[in-house]
Amino acid sequence: MSVRHIVSSLRRNRLMPLLLVAQVAIACAILCNALFLLYQRVGPMLVPDGIAPGEVIGVDQIIASGRSWSRAEIERTTQALRAIPGVKFATPVMGIPLASSMQITGLVAGPDGTKTDVDVYMGDDMVDALGLQLVAGRNFTEADYEDGGMGIGDGKQRAAPTPVIITRALADRLYAHGQALGRPLTRVNDKDGPGEVVVGVVRHLLRYKMDAAADGRAENSVLVPTRITGSPLLSYAVRTDARARGRVIKAIPGVVKAQLGAGLMPGIDIQVRGYEDIRDGVFSSWRAAVWLLATVCVVVVIVTAVGIMGLTGYWVQQRTRQIGIRRALGARRRDILAYFLAENFLIVGAGVAFGMVLAYAINLFLMRHYELERLPCSSLPVGALALWVLGQLAVLGPARRAAAVPPVVATRSV
Amino acid sequence: MLAYNFALSWHGLRRHPRTTLLVVLTMALGLASALTTLTLLHVLSADPLPGISQHLYLAWVDSRQALRADESDDPGVPSALTLVDARALVAAHRATRQAMMSEFLQNVGNEDGSRSQGGQMGLAASSELFPMFGIPLSYGRYWTMQEDDAHAPVAVIAAGLSEKLFGTANGVGRTVKMNGKPFRVIGVSGTWAPNPHFHQLRVGNVFNVVDSVFVPVGALLDAGMGPFMGGDCDREVKTVTFGKVDVQRCRWLTVWTQLDTAEQVAGYRRFLRDYAGQQKAAGRFERAPRAELYGVPAWLELNHVVPDNVRLNVWLAGGFLLLCLVNVAGLLAARFLRRSTEIGVRRALGAPRRAIFAQCLGEAGLAGLAGGMLALPLTLFGLWIVRRQNLGYTELARLDPAMFAALFALALGAGVLVGVLPAWRACRVEPGLQVKSA
Numbered sequence: 001m002s003v004r005h006i007v008s009s010l011r012r013n014r015l016m017p018l019l020l021v022a023q024v025a026i027a028c029a030i031l032c033n034a035l036f037l038l039y040q041r042v043g044p045m046l047v048p049d050g051i052a053p054g055e056v057i058g059v060d061q062i063i064a065s066g067r068s069w070s071r072a073e074i075e076r077t078t079q080a081l082r083a084i085p086g087v088k089f090a091t092p093v094m095g096i097p098l099a100s101s102m103q104i105t106g107l108v109a110g111p112d113g114t115k116t117d118v119d120v121y122m123g124d125d126m127v128d129a130l131g132l133q134l135v136a137g138r139n140f141t142e143a144d145y146e147d148g149g150m151g152i153g154d155g156k157q158r159a160a161p162t163p164v165i166i167t168r169a170l171a172d173r174l175y176a177h178g179q180a181l182g183r184p185l186t187r188v189n190d191k192d193g194p195g196e197v198v199v200g201v202v203r204h205l206l207r208y209k210m211d212a213a214a215d216g217r218a219e220n221s222v223l224v225p226t227r228i229t230g231s232p233l234l235s236y237a238v239r240t241d242a243r244a245r246g247r248v249i250k251a252i253p254g255v256v257k258a259q260l261g262a263g264l265m266p267g268i269d270i271q272v273r274g275y276e277d278i279r280d281g282v283f284s285s286w287r288a289a290v291w292l293l294a295t296v297c298v299v300v301v302i303v304t305a306v307g308i309m310g311l312t313g314y315w316v317q318q319r320t321r322q323i324g325i326r327r328a329l330g331a332r333r334r335d336i337l338a339y340f341l342a343e344n345f346l347i348v349g350a351g352v353a354f355g356m357v358l359a360y361a362i363n364l365f366l367m368r369h370y371e372l373e374r375l376p377c378s379s380l381p382v383g384a385l386a387l388w389v390l391g392q393l394a395v396l397g398p399a400r401r402a403a404a405v406p407p408v409v410a411t412r413s414v
Numbered sequence: 415m416l417a418y419n420f421a422l423s424w425h426g427l428r429r430h431p432r433t434t435l436l437v438v439l440t441m442a443l444g445l446a447s448a449l450t451t452l453t454l455l456h457v458l459s460a461d462p463l464p465g466i467s468q469h470l471y472l473a474w475v476d477s478r479q480a481l482r483a484d485e486s487d488d489p490g491v492p493s494a495l496t497l498v499d500a501r502a503l504v505a506a507h508r509a510t511r512q513a514m515m516s517e518f519l520q521n522v523g524n525e526d527g528s529r530s531q532g533g534q535m536g537l538a539a540s541s542e543l544f545p546m547f548g549i550p551l552s553y554g555r556y557w558t559m560q561e562d563d564a565h566a567p568v569a570v571i572a573a574g575l576s577e578k579l580f581g582t583a584n585g586v587g588r589t590v591k592m593n594g595k596p597f598r599v600i601g602v603s604g605t606w607a608p609n610p611h612f613h614q615l616r617v618g619n620v621f622n623v624v625d626s627v628f629v630p631v632g633a634l635l636d637a638g639m640g641p642f643m644g645g646d647c648d649r650e651v652k653t654v655t656f657g658k659v660d661v662q663r664c665r666w667l668t669v670w671t672q673l674d675t676a677e678q679v680a681g682y683r684r685f686l687r688d689y690a691g692q693q694k695a696a697g698r699f700e701r702a703p704r705a706e707l708y709g710v711p712a713w714l715e716l717n718h719v720v721p722d723n724v725r726l727n728v729w730l731a732g733g734f735l736l737l738c739l740v741n742v743a744g745l746l747a748a749r750f751l752r753r754s755t756e757i758g759v760r761r762a763l764g765a766p767r768r769a770i771f772a773q774c775l776g777e778a779g780l781a782g783l784a785g786g787m788l789a790l791p792l793t794l795f796g797l798w799i800v801r802r803q804n805l806g807y808t809e810l811a812r813l814d815p816a817m818f819a820a821l822f823a824l825a826l827g828a829g830v831l832v833g834v835l836p837a838w839r840a841c842r843v844e845p846g847l848q849v850k851s852a
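Residue numbers (my numbering), protein chains in the order written: chain A, 1 to 414; chain B, 415 to 852.
Hints listed in this document are in silico derivations from the structure and should not be mistaken for laboratory results. Quick reminder that beta carbons are idealized off the backbone N, C-alpha and C, glycines included. None of the hints are false.
Calculated pairs, DSBU-like style, for lysine-lysine (alpha carbon to alpha carbon, straight line, at most 30 Å):
| no. | chain 1 | residue 1 | chain 2 | residue 2 |
| --- | --- | --- | --- | --- |
| 1 | B | Lys578 | A | Lys257 |
| 2 | B | Lys595 | A | Lys257 |
| 3 | B | Lys652 | A | Lys257 |
| 4 | A | Lys209 | B | Lys658 |
Far from chain A, some chain B residues (derived; all Cβ distances over 12 Å):
| no. | residue |
| --- | --- |
| 5 | His469 |
| 6 | Leu497 |
| 7 | Asn584 |
| 8 | Trp606 |
| 9 | Ala702 |
| 10 | Pro703 |
| 11 | Pro766 |
| 12 | Met817 |
| 13 | Ala823 |
| 14 | Gly846 |
Please model the entire structure based on the sequences and the hints provided.
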């Protein structure tokens with residue numbers, strides 16, 4: 001039984017195979033793109049966040065009305081927060097993982113010129129306040145800190161390179177063998193300054209803006225030792241005993257208002273949330289997208305399988321007499337089975353070929369109109385293989401029915 | 415004949431209940447997913463001010479400082495002007511109507527402070543805002559251009575706010591206090607809540623935002639208040655502030671204009687370009703002269719007001735509907751061709767091809783309608799799921815009569831469309847061959 005025979009038989013009745021090819025092509029195009037989108041959404045959700053579980057609270061949106069918070073006000077509020085029973089660390093920060101209403105981003109380069117965008121965390125003792133794990137190097141020391149904040153310290157240059165702590169993922173991305181300690185980290189848009197030097201590496205720390213974190217850049221985070229001394233927008237990272245956290249969350253708004261009350265921007269509520277709630281909030285819309293895409297994939301698979309089964313079923317029935325003749329002429333059951341499997345393989349193959357082109361075209365279109373990444377070439381064969389397997393499974397039933405046709409059928413109505 | 419065809423189609427549908435069910439179900443799934451995503455897109459891209467927005471244009475000239483080598487441009491769509499430029503554009507009066515505006519956030523209280531409403535969104539604007547945007551007036555009056563120039567401490571408040579502060583919808587003649595300063599209430603506005611909040615997109619959520627206080631720009635500044643966000647400032651302004659603005663160095667006002675004809679639009683565009691050129695020549699503008707005039711649809715598009723995800727899902731659902739349609743076409747073809755013998759007999763007895771075609775198409779259309787019927791509850795279910803997402807815009811996802819009608823048009827159209835190919839194939843069955851082999 002050669003391919004030529006199958007093709008010539010397909011050419012005699014074109015409508016059915018064409019419909020099948022069209023169906024497989026569309027399914028392949030949807031599946032490749034949906035799987036890719038799914039992969040992009042699921043990836044960052046699986047990255048461990050490295051935050052001490054159950055202990056961290058993010059306090060955000062402490063906004064000053066018409067001015068900046070002063071050094072004294074910030075200091076006072078920090079002391080008041082530290083005085084709440086159960087609080088282990090409380091520190092003013094610029095940037096809370098996944099929660100910041102303000103973003104400090106930058107473009108950095110490693111020694112070999114590899115560039116990537118990062119989110120910058122500024123604050124005092126963030127490693128302890130967030131419960132991060134140092135895997136190499138050291139934490140910041142008193143001498144490392146400089147005054148800063150939103151719009152504070154601009155234009156002022158440090159004499160020596162700024163010590164920074166980066167994540168292991170970023171170290172692996174920018175440095176050979178992840179050996180980052182003591183190496184420079186260059187800010188691409190700051191060529192004159194003394195630059196930055198890596199003094200420590202933490203196991204994990206997510207960025208604070210997840211939208212941009214697709215494609216393995218979820219942990220592009222850099223910690224910069226800064227004592228926040230002035231900013232119109234203030235955030236705190238607070239770490240507590242796990243048991244005391246609920247109580248502390250309830251106490252914080254009152255404590256902050258007691259210190260800063262009159263200067264707070266009216267109508268903006270201070271956001272105080274446990275880190276896990278922040279994470280849930282960010283990922284809830286992601287989870288919805290993941291569910292949607294997963295459902296689309298499953299339904300596409302089911303609809304396609306049903307379609308293949310329906311069409312092949314009819315087709316086998318149409319050719320009952322021919323099958324009978326072949327059986328009468330000596331074809332074995334498995335020859336018939338093999339024939340239908342091979343036929344399906346060819347049809348699905350044609351569909352997949354068109355489908356991959358279509359998938360790629362759709363991806364190009366989506367890339368142009370929506371900020372999507374290029375479909376990796378590896379996702380095409382995955383979609384193709386899935387459809388091939390699906391096709392073979394779907395045709396198995398009808399093909400077995402065909403193989404069961406007794407030779408006597410051929411003699412019956414002639 | 416029509417009734418006969420219909421009866422035949424109906425009869426045909428009932429003959430193979432299993433594949434009929436499959437056809438209807440596949441059809442319903444495809445239609446429901448397409449309609450759910452389309453409904454969300456439809457409500458999100460609805461015209462914010464029907465009948466008015468097509469004449470509205472945002473006018474902008476580039477007054478930003480020249481970029482230094484280590485700076486990069488704000489990736490957003492620049493739209494803000496300094497007070498000087500906004501005043502100049504409004505005073506030039508080259509459009510039918512024009513107004514400058516900026517959003518602010520304040521606690522609003524009554525005279526003695528016994529009642530107060532926290533965090534009210536307000537619009538500081540110039541006087542032509544009201545007629546230009548068609549803001550309805552329940553009581554009192556709007557402020558005048560003279561009051562604009564005089565920085566008169568007057569306010570127009572929403573009926574809801576008046577009710578809460580004064581216990582009556584007609585608060586005209588009373589006084590509201592913001593930042594400790596009194597504003598005389600001269601008018602009470604009726605319901606006016608364009609969705610999306612197209613005229614001020616910078617503040618947080620752009621859907622379901624309601625402006626409840628309107629005051630003249632000069633009066634806001636005189637009372638020591640400012641826009642919610644400090645705006646885009648020159649680099650000499652070191653710190654960002656909220657609720658206050660460096661009037662000289664920051665761009666924080668947007669100017670909207672009403673231009674009724676294409677000539678007016680072209681004329682205004684020329685005027686803006688000339689203005690930018692003059693300011694550049696006078697040394698006030700640092701960058702190359704640039705002027706933009708955005709219509710409302712273009713403005714919403716540029717700012718990605720409809721989230722990309724929503725459009726992406728429409729494409730996804732569209733692709734899925736296409737898959738379902740091809741699938742149904744295959745199932746229908748198999749169905750019709752299974753009946754080749756009968757068709758042969760009908761043809762041999764004198765039925766024209768047309769009749770066969772009509773019968774098959776009727777059956778496909780009926781299946782499509784049945785699918786549409788089933789798609790309705792599925793769509794409602796889908797929208798219910800969407801509303802539960804709570805992403806700030808999702809609660810808007812409801813089926814309106816237009817979408818309801820679209821569902822049935824879509825269902826019938828889809829049914830007939832997928833029926834054409836199989837029906838055409840079926841009506842080409844050779845009568846002789848079929849009758850012989852029966």
